[in-house]
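J.: Position chain B relative to chain A; hints supplied.
Chains as they are written, first to last, in the working numbering: chain A, 1 to 732; chain B, 1001 to 1732.
Worth flagging that the hints you see were computed from the coordinates, not collected in a lab.
Hints should not be assumed to be uniformly reliable.
Below, computed lysine-lysine pairings styled on DSBU-like, alpha-carbon distance capped at 30 Å [stated by the list, open to error]: (1) B:Lys1646 with A:Lys206; (2) A:Lys640 with B:Lys1301; (3) A:Lys206 with B:Lys1039.
Below, a sample of chain B positions facing chain A; criterion: calculated Cβ distance under 8 Å [what the hints assert, rightly or not]: (4) Gly1503; (5) Gly1519; (6) Val1553; (7) Gly1606.
Output of the computed footprint for chain A on chain B, the stretches with three or more beta carbons under 8 Å from beta carbons of chain A [claimed, not checked]: (8) 1238-1252; (9) 1408-1415; (10) 1504-1514; (11) 1650-1659.
As the structure is a computational prediction, the values presented were derived from the model and not from experiment.
Ideal Cβ placement from N, Cα and C applies to all residues, glycine included.
Protein chains: 2
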Amino acid sequence: MAAVLTPFEELALRSIIAVSVGALLYAVLLARQVLREPKGSGRSLQVWDAIRQGANAYLRQQFRSIAPLLGLLAVVLYLSAYAAEAPLSISLGRAGAFLMGAFFSASVGYLGMNMAVQGNIRTAHVAGRSFRDALRVSYRSGTVTGMLTDGLGLLGGTVIFMSYLTHAPEVLLGFGFGGTLLALFMRVGGGIYTKAADVGADLVGKIEKGIPEDDPRNAAVIADLVGDNVGDCAGMAADIFESYEVTMVSAMLLGLAIRPFDFKWIIFPLLVRAIGVLSTIAGTYCVALWPDSVTKENAFKAMDLSYDLSSAIPAVSFFFLAYYYVNDLRVFLATGVGIGLAISFNKLADYFTSPSRRPVDQIARSARTGAAPLLLSGLALGFESTVWTLLVIAATIVASVIFFTGAGPIFAMYGVALAGIGMLTLTGNNVSMDAFGPIADNAGGIGEMSGADSETREALAKLDAAGNTTKAVTKAIAIASAVIAAISLFASYAESIGLGGTGLNIADPLIFVGLLIGGSLPFLFSSISVRAVGRTASRIIEEVRRQFRIPGVMEGTTTPDYARVVAIVTSAAQRELIGLAILGIFTPIVVGLLLNEVALGAFLAGVILVGQLLAVFMANTGAAWDNAKKKIEDGYYGGKGSEEHKASVIGDTVGDPLKDTAGPALNPMIKVINLVSLLFAPAIIHLRGSPMVSSILALALIAVLVVVILRSKREASEMTEGETAAVAEKAK
Amino acid sequence: MAAVLTPFEELALRSIIAVSVGALLYAVLLARQVLREPKGSGRSLQVWDAIRQGANAYLRQQFRSIAPLLGLLAVVLYLSAYAAEAPLSISLGRAGAFLMGAFFSASVGYLGMNMAVQGNIRTAHVAGRSFRDALRVSYRSGTVTGMLTDGLGLLGGTVIFMSYLTHAPEVLLGFGFGGTLLALFMRVGGGIYTKAADVGADLVGKIEKGIPEDDPRNAAVIADLVGDNVGDCAGMAADIFESYEVTMVSAMLLGLAIRPFDFKWIIFPLLVRAIGVLSTIAGTYCVALWPDSVTKENAFKAMDLSYDLSSAIPAVSFFFLAYYYVNDLRVFLATGVGIGLAISFNKLADYFTSPSRRPVDQIARSARTGAAPLLLSGLALGFESTVWTLLVIAATIVASVIFFTGAGPIFAMYGVALAGIGMLTLTGNNVSMDAFGPIADNAGGIGEMSGADSETREALAKLDAAGNTTKAVTKAIAIASAVIAAISLFASYAESIGLGGTGLNIADPLIFVGLLIGGSLPFLFSSISVRAVGRTASRIIEEVRRQFRIPGVMEGTTTPDYARVVAIVTSAAQRELIGLAILGIFTPIVVGLLLNEVALGAFLAGVILVGQLLAVFMANTGAAWDNAKKKIEDGYYGGKGSEEHKASVIGDTVGDPLKDTAGPALNPMIKVINLVSLLFAPAIIHLRGSPMVSSILALALIAVLVVVILRSKREASEMTEGETAAVAEKAK
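Isolated chain A (complex conformation) (with noise of 0.2 Å):
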């Protein structure tokens, strides 16, 4: 039993704490890079600065609305603890940690979002200089946001867990929620405000007024670019720290969970973390770097081989670090698993929903028989990935049971948390790649309205296709860790019940209505979340329709209100989710009381099983529609304007919700009933020591659950004309 650190691990900490800075240091010297790039000026300057106070007024009103459930969130972590009779430094250090979280995922989606904005510009500007002036300025752009990712994922958990070692469990459950919980909000709030501003442009402006797409009389122009940074930057930024943030937490509760304890099963994924962060600083620097014979054609190619370079050094130093300081080399392959899972999960995406690969050429192909037979093969691809996807994830599972045989379960799912770090080493490398995506987006976008010269036009188309492949690539990586995530942490929550002999028994009826009600959860969130992009949309299509109707709108001659879209669409995001974040936190307590702590656990285990099943159900299906869409698009099965591609275009507006809105929000969702489960257990284990209590606060819940699901219901059957017409769009 180690409970004070050794020297050398004492030292370990500290060298990882100065890694974590400097990765956030090494952020501002790419920032300050960046910056001093200059923007051009004229037209795509104003544009830019549109979108630019677009997306900082949404991520503010943002903040400010879920500013007072952060404030009470904060209060009742505080008092858990404190009921609990954990002492004052705990409980305050759970609620401080809480809002850490909270803040640091705030921060990445903020910083991320805003240093995309501030790359696209000069990305666009530079285009004209040289083609690898732009990659390095979009590229390091979005390096930014993975050094934050990193740097504040892994400097909260090391401090955390030095201040409070054998205690910090309690701690760290606290700063995982935070940044879960931020990253649902802004996952499910970009995600309804991007497609909703999508989908409204389109159809007031290309479909019912014939003009095109962008064009500055449309005054939801701004709004639709704006959604490509809070939903594509800002979400996705808080998403991957929130999964990196995660699985470091699930890892380091469990190694604390090991009997006999040692240290060494927390410091090892700390270190593991550490070198990856310098791996991906040694890396992702490389990638402006690089022999002309590489950059100049295939920006993608120079990205994947920074990647190459990143993975080298961790293989090597895992095995070390293995060896001589864990003294388990168990350790390193469980590490490894996770680099294999994350490979594995990139060959299935990139099978099922790459426009080169069969099955996307199939759904294409049907697209000759008209919209339904192209549905249909989507739904059955679909249906089938997440069998393939499901039977990985069981691999690894599998694996780590192997390879921990005979140490019990707590080790076997532990290695299951380190099949998680792995598998999340180059966090850095892969926001990088996943930033760049919208940047060089967005930066054709400008170039193409500030009438840049056909040179800077291609250099530009060149990097948005080398950023269309990171996209798909880092999704998949996503999807993959949340789970992993999750398992872990459903692990964790088990450990921490006590359950003794009985365990998590579905023999048991009442914990097999636990199941049962977990698994149905991941379907009403979807319901609610595609609904919720629909109901916005309709409220952009009718102010969009109200300005236009203005004399001087559609004559160019008066400029429309895009703030005033901006704002509409901003707070009726807001209010959607608030919604479905009450869901994510209501439902795990309400299953607690009503049933108990061990149906709670079934619940949980449900609501991954079935979280995971849609999550992947959705980004497959809605990506091999849209890529079956491209491929049409690209001359295949009749071209663009063939009845094939009517049939593709309602394919991918489909799946455009199930893809960019629905399936992206199940992640943080999963994790976040999972934290609050382990937060308010024994919690929920006291309230039902009075029966009497604990039914009175169940009922108060639930009264809240069945109003959100209503308000849900009855708003969608307000919708009018307009409001239908929402989620209809580009298909005519």
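T.: Below, chain B alone, put in the same frame as chain A:
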């Protein structure tokens, strides 16, 4: 401990057998009544004859192709009991009961379908005479199937129990498995057949050639009509028979597992069923006897009134049975919950899928902005509907737990099984109403084709409208009963493997893996069955196109070769369903061998949870799209031929294979998997004693599964000319 029957129990069991034989005799009586009616003559008789031949050819082919598999499985079942060192009487009994279950299920499907075919033509003919006669003939044709279901199910279960008493479980499992496996074949095969023929006929006929539906020049037109019979009649009948049988078997299994042991726990559900049979006979016979004020305008009202009459008898008698025989009112309460469950499911299905309710109205309205909004609102509706149905099931389990507080989990699960018994008390009425649907539908079709007068047509149209309502009502009960039966089987499984203290602890990593794999299986199954419809349809399309190229066919001077299309779709559907059956039978064995029997238990829970969610999702989404289309065709939101209508046709076409093939197939699938696990658990435990043998066996089974899955992905139709010809020859 009562190991022998009391004289009262002897008498009760003999009475139950008498009742079930009475049900069969009543079926014979009704059949003779129907067959005495005139068939009419001329053109309609020709069409009818072709349908009859095609349908019978399909079923004969189906029985022929699965006979070897049944024989093989009977031997395997014999060996599996033998390996578990069961006495010869039990090993033989299990194999024999398996064959009996399969034979009963097949008979219900075969006879029910033939009765429907006989009923069609006669209903069409007597509709010219009086509406009451048409109602009588069509409803009584359906009642024959209902009484066969009741009589054979009750007879089989009771005879087995009387013969084996405490050893009955071993043998009952065989009986349940036989019925369920056959139902899987009939449901999947029929589902693929009916949808593929429908799509194939419409696509070439209506869309490519622009000729009306049911045009005799279309070579697939007979196959399409055959499909209605093999899917909606034979498939449905076998499926409900299986539900009736398995709810009974699972209640008996749990009744036998209760300690202290008492035969009353088994005899009570049998008595409940017998009372149900008598009530059904009384109620169904009255349908055509109600005064004109009831039957004249509203066929549904007549059926509904009969249902109420049938319900009144059990409600009273169950109470007395529970009070005086079982001396335990809890069993009355649990059975009553089942009736509440049936009502709740009805209401939910009605709310989510009825054209006059708000959800379908919203979907229809969203068609004004195109197909994509219509599709998305249908998906959101389907997602949401799963949540409420699942909560109703959860409430059923919780109610049972509350009734049997302190009596332990087996009692609670026995209560759940009793809910299944209560829910299916009036199966005879349900089947009568369900079979009535396609009979009325086909009678209408025959009336149209044979050029009946307008009064006759109007009477037939009224019948048809009533049929649409009854179908929706009974479908909901079929799904609910499947889940309840599966949960009871799952409980039996957990009991049978003797878990002791540790239970089905899903916090154990390997057991959690079992849950994950189980959850993914319904997705795989749905993916394969949706694709199977597409593949089979493509074979039909090719053939119909080929025949249209034959000179004279398009001109109507040469009769197309209907039999050839029937033969093609028959053999294609067969090929598809063998793969799916292998998936259902092999997967649980592989999971048991590779992981262990406890993980297999969690696997079952995963299959039930996700299977239920997907089945409800597909049923409700498909039905809602279908009814949204019908609503538009009734003149709302643009009416027939509008853009809205086109959008709704896309929705309907996407929904068809979901609601009529993939969704309904999940019901028997879930139970096949549970029964296979129950049957082979002892063998699996035995085999795992020698890791070498079990690994080799597992790998061999996996190899077969991989082949099945890969084959299902391969693109359509390499059926050679020779093969087609061979099948066509056989079918004649």
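J.: All hints are to be evaluated individually against the structure, with a verdict given for each.
T.: Hints, one by one, checked against the model:
1. B:Lys1646 with A:Lys206: holds (22 Å)
2. A:Lys640 with B:Lys1301: violated (54 Å)
3. A:Lys206 with B:Lys1039: Violated. Lysine 206 (chain A) to lysine 1039 (chain B) sits at ~60 Å, over the 30 Å cutoff.
4. Gly1503: Hint on glycine 1503 (chain B): holds, closest Cβ of chain A at ~3 Å, below 8 Å.
5. Gly1519: holds (4 Å)
6. Val1553: violated (22 Å)
7. Gly1606: Where the cut-off is 8 Å and the nearest Cβ of chain A is about 6 Å from glycine 1606 (chain B), the hint holds.
8. 1238-1252: violated (count 0)
9. 1408-1415: With 3 residues in contact (Cβ-Cβ under 8 Å with chain A), the coverage given for the region 1408-1415 of chain B holds.
10. 1504-1514: holds (count 9)
11. 1650-1659: As far as the region 1650-1659 of chain B goes, the hint holds, because 5 residues have Cβ atoms under 8 Å from chain A.
Checked against the numbered hints listed earlier, the structure breaks hints 2, 3, 6 and 8; every other hint is satisfied.
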